[in-house]
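*Asks:* Sequence:
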Amino acid sequence: MDRRAGQPRCSLPSVPKRVIGETVSRPVLITPDLVEFGSRLTVELEEEYRRVLLPYGFTDHAGELAAGRLVRSRLAAVAAGEISERLIRRCVALELLHTSTLIHDDILDKGTVRRGVPTLWKSVGIEQALLIGNIVSARALAIVQADCAELASTFLQTFHRVNVAQLRELRQRGTIKDRATHEAINIGKTSAMLELGLVVGCMSSPLWPVDLTHLRNAIREFGVGFQFSDDVEDIQAWRGESEKERSKKADCDIELGNYTLPVTLLVESATTDHRPGDPLTVQTLQAWGQDDWEPSLKTTLRIASEHLQRTEWHLNQELGSNGGAELSHRLAIWIRGMIESWQRKGLDTMLNDLPQQAAMNPSALTMVGPSDAR
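Its first residue numbered 5, the sequence shown is counted upward by one per residue in our numbering.
Fair warning: there could be bad hints in the mix.
What the hints assert, rightly or not - Capping the alpha-carbon separation at 30 angstroms, the derived lysine-lysine pairs in DSS-like fashion look like this:
hint, residue 1, residue 2
1, Lys114, Lys181
2, Lys114, Lys302
3, Lys126, Lys114
4, Lys181, Lys302
To be verified - Across the chosen pairs, the derived CB separations fall in these ranges:
hint, residue 1, residue 2, range
5, Glu298, Tyr60, 42 to 52 angstroms
6, Lys114, Arg55, 27 to 37 angstroms
7, Arg177, Gln287, 10 to 20 angstroms
8, Lys114, Glu272, 20 to 30 angstroms
9, Asp37, Ser273, 46 to 56 angstroms
10, Leu260, Ser127, 19 to 29 angstroms
11, Gly244, Ala146, 42 to 52 angstroms
Don't read these hints as lab results, they were simulated from the structure. Every residue, glycine too, gets a C-beta built ideally from N, C-alpha and C.
Build out the structure end to end from the sequences listed, making use of the hints.
*Replies:* In structure tokens:
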């Protein structure tokens, strides 16, 4: 953070000229066609769901289960640098595993709508949805085990991370968590699956093997930052009664006691006079006005920006290493595009000191270490 100006800096370069004083030549970037990739993967994924669900009579749900945004798989394609049948098959497994965690997440959080349609448990009941989630995750692991034992081990480690984080979140329902706990849960859930996408892509790349230390840390920080910005969107939708799916999700989270970082910051603020032990309900939070909410939302976005700074720092470290430039440049471009998408939603308009152009300027480069960004 630039402490003199009090402004977080968030500039993600595509092709910086120098990294820590050393000249970095512009690599020839291999950019996969993500539209074509998404279309091919969606077809393969829906067919896989039909095969998995056919014995149990649930093929009608194949389309809705395959209808995600494929963010993790698109990240994998960017990391791979080229689209191959092997990458497609690995991404089928990646999406199956991710969806299985969402099926279970919806059950635990009593979510009723996902991707614009009723959640699986609302359609088939909790018991059957729970078992379908298990079957889908088992199929994901079987696909990748038949392909590569090393990658299968990473899938298992990721699945364990997600479940441990979900259990931690479940056990802390109804409590106001501190920032570190929010970050740890997001690292175990959001970041874990994004990191898996990175590994899938890198292991499918002609550049493999590569040192993933900084790249994984970059994606980990990006996942935390993006989740915090998503939490702000949920609260904005809930307070403005817009985007019904988001609003309903935030409402349900509050009723269950799944308090996100903006809620934590709100009740910790001096303006709300909330006392420990006082009940925290939807009605309580609705009673607080814009003047109460705005500081917590701005602070959450500043924290998100700090994590994006650390994403940048790790990418810059990788850019300075041998053989890491091409992959790092591709990831920087992808992440910058994701941030631009975030900005287009208007979140940065409520945070005047988060400079929009910084994150969109490919020639900008700021060297900020992880400790400096905190």
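*Asks:* Could you work out which of the previously given hints the structure breaks and list their numbers from low to high?
*Replies:* Going through the list in order, the structure violates no hint and respects every one.
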